[in-house]
Each structure stands twice: as structure tokens, then as C-alpha cells.
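Trainee: Based on the provided sequences and hints, a complete structural model is requested.
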Amino acid sequence: DAGVIQSPRHEVTEMGQEVTLRCKPISGHDYLFWYRQTMMRGLELLIYFNNNVPIDDSGMPEDRFSAKMPNASFSTLKIQPSEPRDSAVYFCASSLPEDYGYTFGSGTRLTVV
Amino acid sequence: DQQVKQNSPSLSVQEGRISILNCDYTNSMFDYFLWYKKYPAEGPTFLISISSIKDKNEDGRFTVFLNKSAKHLSLHIVPSQPGDSAVYFCAANFGNEKLTFGTGTRLTIIP
Chain H
2 DAGVIQSPRH EVTEMGQEVT LRCKPISGHD YLFWYRQTMM RGLELLIYFN
52 NNVPIDDSGM PEDRFSAKMP NASFSTLKIQ PSEPRDSAVY FCASSLPEDY
102 GYTFGSGTRL TVV
Chain V
752 DQQVKQNSPS LSVQEGRISI LNCDYTNSMF DYFLWYKKYP AEGPTFLISI
802 SSIKDKNEDG RFTVFLNKSA KHLSLHIVPS QPGDSAVYFC AANFGNEKLT
852 FGTGTRLTII P
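Heads up: the protein sequence lines correspond to chains H and V, in order. If you count the first sequence from 1, you need to add 1 to reach our numbering. If you count the second sequence from 1, you need to add 751 to reach our numbering.
For the record, the hints were derived by calculation from the structure and aren't laboratory data. We put the CB at the ideal spot given by N, CA and C, even for glycine. A few of these clues could be false.
[Unchecked claim] Negatives, chain H to chain V, calculated, CB over 12 Å:
#, residue
1, P62
2, N72
3, S74
4, F75
5, E99
[Stated by the list, open to error] Taking lysine-lysine and the DSBU-like style, the derived pairs with C-alpha atoms no more than 30 Å apart in a straight line are:
#, chain 1, residue 1, chain 2, residue 2
6, V, K805, V, K819
7, V, K807, V, K756
8, H, K25, V, K788
9, H, K79, V, K788
10, H, K69, V, K819
11, V, K849, H, K25
12, V, K849, H, K69
13, V, K807, H, K79
14, V, K805, V, K756
15, H, K79, V, K819
Mentor: Here is the structure:
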């Protein structure tokens, strides 16, 4: 298996633009997580899905953030409109039920200028 | 509110010596703890874990200790090697699938 695949690896966008981050989880993994890494807060959970259904989105910072999982092999995290404070590395991870060892993707480094 | 805290942003250790990374938590409901390792431009990878019913778990050079009364866990690496230079994240969970991570500690092994 190729692991969790995220795209793009890097994204530079202007403030106010829409940004879409993409994730392909490991086949067969029921859980998908979106995390954001910042210096101040470390890895913070934004939202997670179980069998394509959002379970907990309490970490989504604002209504500007939205996430979807239309099928078991694809998820998106969208920011509209983007702001400079959204600049961070965004990670997607997937896991099996009761498997605490998440598999993370390589992340998307987002820079909003 | 940071429920999992890693108070040392960085640590430098001589090659061959012991590296000790620390983590504190505030939520007494946490019942499973993990350490992840992260290299630059890569995602975190699972390293070692411990259940709250244990106070020690060992895997090769890596040992995790849990002190529930102090709400503290630590990761010991012996002996430290240059390839251990990375950012280490502590994480905790209670009964569901959601991991809460700390802010990370950057470990540098000095040759």
C-alpha cells in the first residue's frame, strides 16, 4: 500500500482565495483524521470521519473551514476564504477501528500571503 | 486548553547517552498514551505506546514510563543515535478514536 496520500505537498495562495487540500486514506481504514500543525499548538485535531461520516468537527476553527468525505477513498479540507493565520502544515491520517497507531500522510504546507 | 503538554521545545543529547523526553497531561480520563516521531517534511510515525494499566513498556532502545498519579509520562532512548534526531510528539486517548497531541519536543543528537 502506498500509505496515506496528500496533495498538494505545498500550496501558496493569496488571502481571500479558496484552498482545497486532498487526502487518500489507506484502503480498508475506517477512520480518517485531519490535523493541523503549528508551533504554538502542536498537532491539533480539526475533524475526523468514521466510515465517511463526520464524527467530531469541534476542532474546526471557523465556518471558513469545511471537510467532506464523499467516499472511502477520498477526503477534502477546504478553506474559503483563506487568511494568513491559516498558514500551517495540514496532515491527514487514517486508521483501523481501535488501532491507535494512526498512519499519517506527508502533509500539505499551506502558506497564505 | 492544552490537555497534553510537552514543556521542553528542544533537547540536545550526546550520541550514546540517554535521551529523556517528558510529557504531562491534565485529563485523568486518558487511558492510552503514545509517542510519535516526526522527521522534516514527513508525517508523524508511531513509535511506542502504553496502556494506563501498565507503568512501563519497552521496545528495543525505547522505553515509555507512565506515572498516573503525577499524570506524567516519559520516553527514554538508550543509547541515543544520530538517526533519533527528530520531533517527538506525545499523544493521549480515552476510549474513543480521537488522539490529543502535545506540542512536540525537538531532539538533536550530537555526534
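Trainee: Now tell me if each hint is right for this structure.
Mentor: To see whether the hints hold, each was checked on the structure:
1. P62: holds, 15 Å
2. N72: holds, 20 Å
3. S74: holds, 18 Å
4. F75: Holds: least Cβ distance 18 Å, greater than 12 Å.
5. E99: violated, 8 Å
6. V:K805 x V:K819: holds, 9 Å
7. V:K807 x V:K756: With a Cα-Cα distance of about 20 Å, the restraint between V:K807 and V:K756 holds, given a limit of 30 Å.
8. H:K25 x V:K788: holds, 22 Å
9. H:K79 x V:K788: Distance of about 27 Å is within 30 Å: holds.
10. H:K69 x V:K819: violated, 38 Å
11. V:K849 x H:K25: holds, 19 Å
12. V:K849 x H:K69: holds, 18 Å
13. V:K807 x H:K79: Violated: V:K807 and H:K79 sit about 41 Å apart, past 30 Å.
14. V:K805 x V:K756: holds, 21 Å
15. H:K79 x V:K819: At roughly 39 Å apart (the allowed maximum being 30 Å), V:K819 and H:K79 break the hint.
Figure legend: structure checked against the earlier numbered hints; hints not met, in rising order: 5, 10, 13 and 15.
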